[in-house]
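Asker: Sequence:
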Amino acid sequence: MVFPLLTGFLLPPQTLGALIAAKKGTVLTLKPAQPQAQEEAAVDRKEIVKSEYDENMNRLEKDSVIQMEDDVFEPYYGRISTDPQKYVGRTIKMTGFIYKEEGFQSNQLALTRFLITHCIADAASNRFLTEFDEASAVEQDTWLEIEGTIELT
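For the sequence shown, position 60 (counting from the first letter as 1) is numbered 60 according to the UniProt record's numbering, and the numbering increases by one without interruption.
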């Protein structure tokens, strides 16, 4: 019992950012999800009612701009990554922090958000590979709001 208390007081706190994202790993390119043994609904963990979930998914399909807001980020990301071809050419707007991986071109960065299901230990980084001319001038861990067009690479 003493060890956890000591580490809590003696070790500096860590923030979720590019350093953690590099260790967590993720899929940078969108690809279909793998089938799971149990069927799970890709719903917001706040346990929204089915009618609200259906309304959110309807907005994803019909709105001219996909707004990746906090309350819909998880289900929208899941839906887009499951069938990315369906969203090619659509405008998307989202906020995230910058993660740059070794091997990226100077015009590339990953706009990243963490998804925490239960606790910090299960945090997963969800990234959209983003390309724009000024990408090299943006520092790692900077938070940006970006609007762009979904394309497959």
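None of these hints come from the bench; they were simulated from the model. These figures come from a predicted structure and were not determined experimentally. Cβ atoms here follow ideal geometry from the backbone N, Cα and C, with glycine treated the same way. One thing to keep in mind: the hints can contain errors.
[Claimed, not checked] Straight-line alpha carbon distances no greater than 25 Å define the calculated SDA-like cross-link-like pairs of lysine to any residue that follow:
(1) LYS50 to LEU115
(2) LYS50 to GLN67
(3) LYS100 to THR142
(4) LYS86 to ILE120
(5) LYS100 to GLU147
(6) LYS50 to SER64
(7) LYS93 to ASP71
(8) LYS93 to THR153
(9) LYS100 to THR149
(10) LYS100 to ILE120
(11) LYS100 to LYS50
(12) LYS50 to LYS62
(13) LYS86 to TYR53
(14) LYS100 to SER136
[What the hints assert, rightly or not] Label-pair ranges, simulated between beta-carbon atoms:
(15) SER106 to GLU52: 40 to 46 Å
(16) ALA121 to ILE48: 22 to 28 Å
(17) VAL65 to TRP143: 35 to 41 Å
(18) GLU52 to GLU131: 32 to 38 Å
(19) GLN105 to GLU55: 34 to 40 Å
(20) THR117 to GLU61: 34 to 40 Å
(21) SER51 to ALA135: 23 to 29 Å
(22) GLU134 to VAL49: 40 to 46 Å
(23) LYS62 to ALA135: 29 to 35 Å
(24) GLN140 to ASP83: 17 to 23 Å
(25) THR153 to VAL49: 22 to 28 Å
(26) GLU151 to ALA121: 30 to 36 Å
(27) GLU55 to GLU101: 34 to 40 Å
(28) ALA121 to THR153: 27 to 33 Å
Asker: Could you run down the list of hints and mark each one as holding or not?
Answerer: Evaluation of the provided hints:
In summary, the hint linking LYS50 to LEU115 is supported, as the alpha carbons are separated by about 21 Å, within the 25 Å threshold. Simply put, LYS50 and GLN67 have alpha-carbon atoms about 20 Å apart, close enough for the 25 Å limit, and the pair holds. Taking the CA atoms of LYS100 and THR142, the gap is about 11 Å. The hint holds against a cut of 25 Å. Note on LYS86 and ILE120: the hinted pairing is violated, with a Cα-Cα distance of about 32 Å set against a maximum of 25 Å.
For the hint linking LYS100 to GLU147, the alpha-carbon distance of about 18 Å falls within 25 Å, and the restraint holds. At most 25 Å may separate the alpha-carbon atoms for a hinted pair to count; LYS50 and SER64 meet this at roughly 23 Å. Note on LYS93 and ASP71: the hinted pairing holds, with a Cα-Cα distance of about 14 Å set against a maximum of 25 Å. Annotation: proposed proximity of LYS93 to THR153 holds, straight-line Cα distance about 19 Å (limit 25 Å).
This hinted pair checks out: LYS100 and THR149 have alpha carbons roughly 20 Å apart, not beyond 25 Å. The suggested pairing of LYS100 with ILE120 holds, with an alpha-carbon distance near 22 Å, which does not exceed 25 Å. Straight-line distance between C-alpha atoms of LYS100 and LYS50 comes to about 37 Å, which puts the hinted pair past the 25 Å bound. Proximity of LYS50 to LYS62 is assessed by CA-CA distance (about 18 Å); at most 25 Å being required, the pair is judged to hold.
Between LYS86 and TYR53 the alpha-carbon distance is near 19 Å, which keeps this suggested pair within the 25 Å criterion. Of the supplied pair hints, the one linking LYS100 and SER136 holds, its CA atoms being roughly 9 Å apart against a limit of 25 Å. Taking 40 to 46 Å as the suggested C-beta distance range, the pair SER106 and GLU52 conforms, at roughly 42 Å. At roughly 25 Å, the beta carbons of ALA121 and ILE48 sit within the given window of 22 to 28 Å.
At roughly 20 Å, the beta-carbon separation of VAL65 and TRP143 lies outside the given 35 to 41 Å, and the hint is violated. Between GLU52 and GLU131 the Cβ separation comes to about 34 Å, which falls inside the hinted range of 32 to 38 Å. At about 39 Å, the beta-carbon gap between GLN105 and GLU55 stays in the expected band of 34 to 40 Å. For THR117 and GLU61, the Cβ-Cβ distance of about 25 Å falls outside the hinted range of 34 to 40 Å, so the restraint is violated.
A C-beta distance of roughly 40 Å is found between SER51 and ALA135, which places it outside the suggested range of 23 to 29 Å. Take GLU134 and VAL49: their Cβ atoms lie about 42 Å apart, and the range 40 to 46 Å holds. For LYS62 and ALA135, the hinted distance range of 29 to 35 Å is satisfied, since their beta carbons lie about 31 Å from each other. About 31 Å separates the C-beta atoms of GLN140 and ASP83, a value inconsistent with the hinted range of 17 to 23 Å.
One distance hint, 22 to 28 Å for the beta-carbon pair THR153 and VAL49, is violated here, with the actual separation near 37 Å. In this structure the hint that GLU151 and ALA121 lie 30 to 36 Å apart at CB holds, the actual value being about 34 Å. Checked against the hint of 34 to 40 Å, the C-beta distance between GLU55 and GLU101 comes to roughly 36 Å, which is consistent with it. Between ALA121 and THR153 the C-beta distance comes to about 31 Å, which sits within the given range of 27 to 33 Å.
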